[in-house]
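> Sequence:
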Amino acid sequence: MSESNQFSRRSVLQAGLAAGALASTAPSLWAAAPKAKPHAKAVIEIWLAGGPAHLDTFDPKPKAGRDYCGPMNKALKTNVKGMEISPFLPQLAKQADKYSLIRSMTHGVQGHETAAYMMQTGRPQGGMTVFPSIGSVVSKFKGYDNGYTDVIPPFISLTKAKGRFSESGFLGPKYKSFSTGGDPNRTPFYVNGIIAAGISDQRQKDRRALKDQLNTLGSANPDDFKEHEQATRKAYELILGKERKLFDLNTEDKAVRDMYGRNTFGQSCLMARRLVQRGVPYICVNLSGWDTHKRHFETFRPRVAVLDQGLAALLQDLTKHDMLDSTLVWCSGEFGRGPKIQWSAPWNGGRSHYGHCFSAMVAGGGFKPGKIVGSSTPTGEKVATRPVYPQDLLGSIYDRLGIDPDGALPNPRGADYKVMPTVIGKSKGAGRLKEIMI
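Residue numbers (this note's numbering): 7 to 444.
Calculated from the structure, these hints are not laboratory results.
Check the hints yourself; a few may be wrong.
As the list claims (entries may be wrong) - Straight line, CA to CA, 25 Å or less: simulated BS3-like cross-link-like pairs of lysine-lysine:
1) K346 with K300
2) K326 with K69
3) K326 with K388
4) K440 with K47
5) K388 with K346
6) K251 with K326
Unchecked claim - Ranges between beta-carbon positions, derived for each pair:
7) A351 with P418: 46 to 54 Å
8) P352 with G132: 30 to 38 Å
9) G178 with R307: 25 to 33 Å
10) P418 with D259: 45 to 53 Å
11) N79 with K260: 32 to 40 Å
12) P179 with G132: 38 to 46 Å
All C-beta atoms in this analysis are idealised placements derived from N, C-alpha and C, irrespective of residue type, glycine included.
With the hints as constraints, model all of the structure from the sequences given.
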């Protein structure tokens, strides 16, 4: 990378303007293009960091006994015949005809960092190569390298990045997500580098004018600073132009905001719908707080209620706007939680990490709704039928986006990497989700 490009990035980051500008102006190191015909134009990922309990969400086991189901000794019927989910998810039960469930996710990893890396990259951790997450890969194939021209970055995280691993891996910071920060449930929604507390438009303009006056080096060498100036101009379009209105949820009907839930997650889901309408190809909505080692049910219930309202509203709203068919929604954590409840102290009814069997949801974007893929044993401890590995799920998502999973994944080493092969070293997937592909 040239010295001028390094300087551009440092300057923009120091000014707090990097989000949109950096991604749009950094040079393309490796050209690549999608090959398959896409079903989905965009992805909304609902990332449940910490690992939600599959027995208490999408794979209830009310007959397993108290040591497994705890107080949840009944399952809830959905609007799809034969599909039952947790009674903690009453709103999602009414939207089951819009999504399908995978009840046989597995990778066997019990650590947060390694499991998150596997679920986001489809590859086991280890070795010298750090692979990019799915959001960064989509940013590479669907972003500025392939015709995306919007000043809004092509990969956005609401409201923070997933953490615990490098999102962009060897693709580099150009393909990292723009994390909005702030809280979309507050007015105004203070978006990192775009809307700052206590800073008026006039003050922003004055700061820009002062910076330009002091920039004698750039004025004397305009060609050397061309990319930096382009980055700065795009960043100020976000700060001072009409683009920032995208992040103003007050333009939405009050009833719609209420439907999503007046909390950070619910309003983030609404913001995700607005970003898809804008044409952003990948949005991740993060809802953490699922690492319930102690007093699981007390901690879990308020969190799952927030998920239920926000995600159900998102599916309903996307359908209302005729966007669900072209928007792929997937929901998962890095793993599940131990099916057998740890009643003794110090856990007092907690659930441990569990990567042997867990659940995920997929909706829209070329996936059939109202289906169940795979199954677990009566206690939810093992996969009973049709195992689904991370590379199977991610490869299927890439396919629906029109990104060939077996195509080349550009990298600076020129290595023979595929986007998402079914077989990765000693890790052999069970196949992509063709049974629910439209």
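> Give a verdict on every hint.
Hints versus structure:
As the CA atoms of K346 and K300 are separated by approximately 13 Å, the hinted pair is consistent with the 25 Å bound. Pair hint K326 plus K69 does not hold up; C-alpha atoms about 37 Å apart against a cutoff of 25 Å. For the hint linking K326 to K388, the alpha-carbon distance of about 38 Å lies beyond 25 Å, and the restraint is violated. For the hint pairing K440 with K47, the CA-to-CA distance comes to about 19 Å; that is within 25 Å, so the pair holds.
For the hint linking K388 to K346, the alpha-carbon distance of about 12 Å falls within 25 Å, and the restraint holds. Taking the CA atoms of K251 and K326, the gap is near 22 Å; set against the 25 Å cutoff, the hint holds. Range check, A351 to P418: Cβ separation about 51 Å, and the 46 to 54 Å hint holds. Checked against the hint of 30 to 38 Å, the pair P352 and G132 passes, with Cβ atoms roughly 32 Å apart.
Taken as a hint, the range 25 to 33 Å is violated for the pair G178 and R307, whose Cβ atoms sit roughly 41 Å apart. Between P418 and D259 the beta carbon distance is about 47 Å. The supplied range of 45 to 53 Å therefore holds. At about 38 Å, the CB distance of N79 to K260 agrees with the hint of 32 to 40 Å. A beta carbon spacing of about 23 Å between P179 and G132 contradicts the range 38 to 46 Å that was offered as a hint.
The structure shown violates the earlier hints numbered 2, 3, 9, 12.
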